[in-house]
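S.K.: Sequence:
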Amino acid sequence: MSAPIKGPLFLTNTLTRKKEEFVPLRPPHVGLYVCGPTVYSDAHLGNVRTFLTFDILFRWLKHIGYTVRYVRNITDVGHLVDDVDHGEDKIAKRARLEQLEPMEIVQKYTNGFHDVMRLFNILPPSIEPTATGHLIEQIEMVKRILATGLAYEVNGSVYFDVLKYSSTNKYGELSGRKTEDLIANTRDTEGQEEKRSPLDFAIWKKADATHLMKWPSPWGEGFPGWHLECSAMSTKYLGLTFDIHGGGMDLKFPHHECEIAQSVAADGHVPVRYWMHGNMLTVNGRKMAKSEGNGFTPEELVTGNHKLLEQGYSPMTVRFFMLQSHYAGTLDFSNAAMQASEKGLARLMAAMDTLGNLKPTGTGSAEVIALEQRCYAAMNDDVNTPVMIAELFEGVRLINSVHDGKLSMDAEGIERLRELFNTMVLEVLGLKNEDESKNDDGVLDGLVKEFIRMRAEAKAKKDFATSDRIRDQLKVHGIELMDTKEGTTWERV
RNA sequence: GGUCGCGUGGCCGAGUGGCUAGGCACAGCUCUGCAAAAGCUGCUACUGCGGUUCGAAUCCGCACGCGACCUCCA
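Residue numbers 154 to 646, in my numbering, belong to the letters of the first sequence in order.
Hints in this document: simulated from the structure, not taken from any laboratory. From the three backbone atoms N, C-alpha and C, an ideal C-beta is built for every residue, glycine too.
Restraint ranges, calculated between C-beta atoms of paired labels, are given here:
1) K585 x T642: 16 to 22 angstroms
2) T169 x T363: 41 to 47 angstroms
3) G446 x T394: 37 to 43 angstroms
4) R571 x L597: 28 to 34 angstroms
5) G438 x R170: 22 to 28 angstroms
6) G517 x T637: 22 to 28 angstroms
7) P371 x S279: 29 to 35 angstroms
Work out the full structure, taking the sequences as your base and the hints as a guide.
M.R.: Encoded structure:
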């Protein structure tokens, strides 16, 4: 069958606000749904953080022995520009601005999104459904909700009746809201006159003649409400009730709250057992958001070509930086923090190299076993990557101490340490060594090696004036020499 | 205004009622012809004021500061 589960795993369930032991509905299978991007513009770094959070969860669930079906959607219709139920579709707006067919916009930014995911080594989900590909399922769901009397049709639009629903169900449970408070805080906005209550939300919206993205339905030409796709698609692929639903903190209300209501209304089942919400990436203490205009694209990040960036940072530096904080807390982006991560990651990766060539120095491997246990404990404690990384640096110390002959370790211990690092660093954290391509210029490498040879000869003759001149001049040209026990190496500065 | 959360050493960032991560920076040492690089070692913080407790950064209350959501956003 399957390998034993290396658990138990504890996750913070944002529905109960408690850390709970994770027990799937149908072990060893796990159903995981994460709200994906709306493909109307380039993904920024804040988006990356959320998908990275659930990438780690996906990797960890698989690692400890679960068979995971990971569904992450692409929203290619349904989100409106101004207000929930009023205004222009974001994708249609973009299409108008760029003078493209809406589906060209969708394709363009979907491709871009996939490029970004690949860049940061975020694994593709098992299923990546699109909203436009599931219109029939969404229309069927609207019908089921109408059949229960928890939605009503007005002029070709269908609205969810929140007050009626909340008279027998808990609306607001996930986000900790009360319907009275919500009503008290409602602002008057246009296009609300069709609704019975300002809390009601559209599950199907009538399209006017100029609307580009519209489909026939029992209520006329229109398009699905913006919360509906996730309910329809998660149900289709994961069942009426499934294990984990994730997304960014900012989707908790109203998006996820509405998802719950829709599923309960349509199918009579609470859809999700464990809700998980990743927290925001901030810049100077403020949320990075498309609407704030304080985001930068991955391309700008790598090149450093943005006013917030002092230099470029590699994708793995960013990945490592994000994993050094816990997903549930906010993380503030700064150049100083990025530079610290860059160095830390380099040290971790250098230790990986050292470990590859490490030779046994005697007996003992107790430290490795203890380290291994602490790594598992950290990850099983709400996917605590920062703690695991801290443990891995303890491992780095072990590796270097054995390498320096200051600690004795037998072959079994070294092998176990290798396996631990390969598993945790490469497989679970998904970090890759980026340095290999640095000295890939064969001609340059040959030239520099010739200089290194000349310098070694000069040094052998105690002609330090010459050897130092070679070193200094190379540095002027951007080549730094480093003397190690194994000989001299070089890198570009 | 409502709801929720946060405030940790020079910086970033974990965490538990007592044993007090980790990274970066810094200092000392090792290595080295010198330097750099690398490694090792050191560095004891928890917004303020009360309270609970044998003991709190960790629990409770208040104050101050900050943020998120309440409108599209990961």
